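> Chain by chain, the residues run as shown.
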Amino acid sequence: MKIVVCIKQVPETNDVTIDPVTHNLDRRGLAGVMNPFDKNAVEQALQLKDTDSDAEVVLLSMGPDDYAESLREGMAMGADAGVLLSDRAFAGADTLATGYVIAQAIKQIGDVDLVLFGRQAVDADTGQVGPIVAEFLHQPQITYAASLRLSGANEVTAERLLEDTKQTLVATLPAVVSVRSELNTPRYPTPRNIQLSFAKPLTIWHHDDLDLDDSRLGQAGSPTIVTKVYAPEPVKRELTPLTGTPTEAASQLIKALKTRQLI
Amino acid sequence: MSKPELWVIAERRLDHVEPTTQQLITKAKSLASDQFKVVTILLEATADHLENELTAYGPDEIRIVRDDRFPTATDAEHADALKQLVDAYQPNSILFGATITGRSIAPRLQAKLQTGLTADCLDLRFDDETLVATKPSYGDNIMCEIICPNHRPQMASVRPNTFVATPATGDATITTATVTFHPVDRLKVTTARPVVNTATTVGDASRVVALGRGAASAATIDTATKLAEKLGGRIGVSRPLTDQDRFTHDDQIGQSGNTIHPELILNFGISGAVQYLVGMQDSQTIVAVNSDSHAPIFDVADYGYVGDAQAFMSALLAQFN
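Heads up: the sequence lines are chains A and B, in that order.
Residues 1 to 263 (full-length UniProt numbering) make up the first sequence, in order.
Residues 1 to 321 (full-length UniProt numbering) make up the second sequence, in order.
Mixed in with the good hints there might be a few duds.
[Said to hold, decoys possible] Here are some chain A residues the structure puts well away from chain B; computed CB gaps all over 10 Å:
hint	residue
1	64
2	65
3	88
4	99
5	157
6	193
7	212
8	214
9	231
[As the list claims (entries may be wrong)] Derived, one-sided and incomplete: chain B residues facing chain A with beta-carbon distance under 10 Å:
hint	residue
10	139
11	243
12	286
13	320
Since the hints were made in silico from the structure, they are not lab data.
Bear in mind that the values here come from a model prediction, so they are computed numbers and not experimental data.
Glycine included, C-beta positions come from ideal geometry on N, C-alpha and C.
Modelling step: build the complete structure from the supplied sequences, incorporating the hints.
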């Protein structure tokens, strides 16, 4: 069984500031780490490998060469190999253009049974790339999985928690699954695994290593444009006083919460 | 020439409409003015009449597709049906609730349409016919305005409870449309059962009953526990209450505890020291009850009551019952 885990490298902290002159994000001095939610996906893959020792776990990421850092981190956790998609032509991609290149890379890796994603990246917070990749690969998707296990030779069973419903889903492989952070606690790299990881293959694929339609890459292949980036104003609130006896005040509150559809 | 269509995709929540749908209809109407036609797209079973929960909000049209497989359809099956409708009607823009369902179907549809989608938006506006979507990033520390200038439809998902649903006048035209349901046999929902709120930490809870020094008695905590249950939420505390055996650091809200942004927080007996406020002031709706009318908590609250926390809490619980 071949499992691909898609990971993203993100700034170490979410405490970013805006440069007052250029209005760009000031990312100076921010070290890159593996997106914390993606570690849950790596852990899930490693747990599946624990139950199926023939399983192979390949990490896949797209970004500049220094993204190799978080691939190494995942291999030190126990993944078998890493693939980094790095090319100037991929830069400036939004979710659609990113999903396209990742889907093409998964086809290139070949014979992939299961693709795992974290629920979303902590920087852009979209959670879109998993479903986009599933669509481009024409595969079933299970998003926000709260548990995941192999339930047959060619089948996974997952629980998915919606706002008000718990679903059990059974997917025939190949499939794409994104996982919730609550489903596991990512393991730490052991010294032995760190040592072993240096011998594991980390491959960098550039533009020409993949079968790509250039019009779907990078900025040119991205339908969306960020036109403005700013720090949010603190929310201004207007206080509505609740008055009278506690009973009267409580009934005013219930009415207000009903209007806001909170109860 | 007919007006371009602005779509709101209705979402089901058990046997009802998910409230974000109604919120989006109200917002869409205010964005549309005379420029757009607000159309709610509703995929439901043949015996369903979820449109009855939508007419009061006054969309121009409710376009219904009926198939008994929709209530249990998977993301890809939903996206496939919506793709057929988009091809048939060519809307200008499509809005989804940024619920788990919305955030799963919308990107799948986006990929089919090869267009732009902005997720989890906190505001929307139109510049002429271009949708300008405001999206938080970096854990809500940064706001981005995002447009999709050259592709149609434009797509956005909007965080629940960002907008307030308001009943409106105007008769919605109810129409039906048909699509071909393409079942995906490789994915099956084998069980689905309703769950009550399953938040295990105060940070996960969408409703929080917060207690401070002025609401620390055993009786008050007991009432608060019942209230939290009714709301499907959890109790959180300010720093002083972590000294009690029943609360730990995990329950604490504030700088040295958890930063939370639930959709509703009720603060009882909390004055609102700065280190507390930074941990909760981004909550969507804030209610404060405190005996001191000058307590800083009232500066960040939407609703405030000056009086005894226990008395108010009991009255509130009684009216819930």
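> Of the numbered hints stated earlier in the document, which are not met by this structure?
When the structure is compared with the hints, numbers 4, 5, 9, 11 turn out to be violated.
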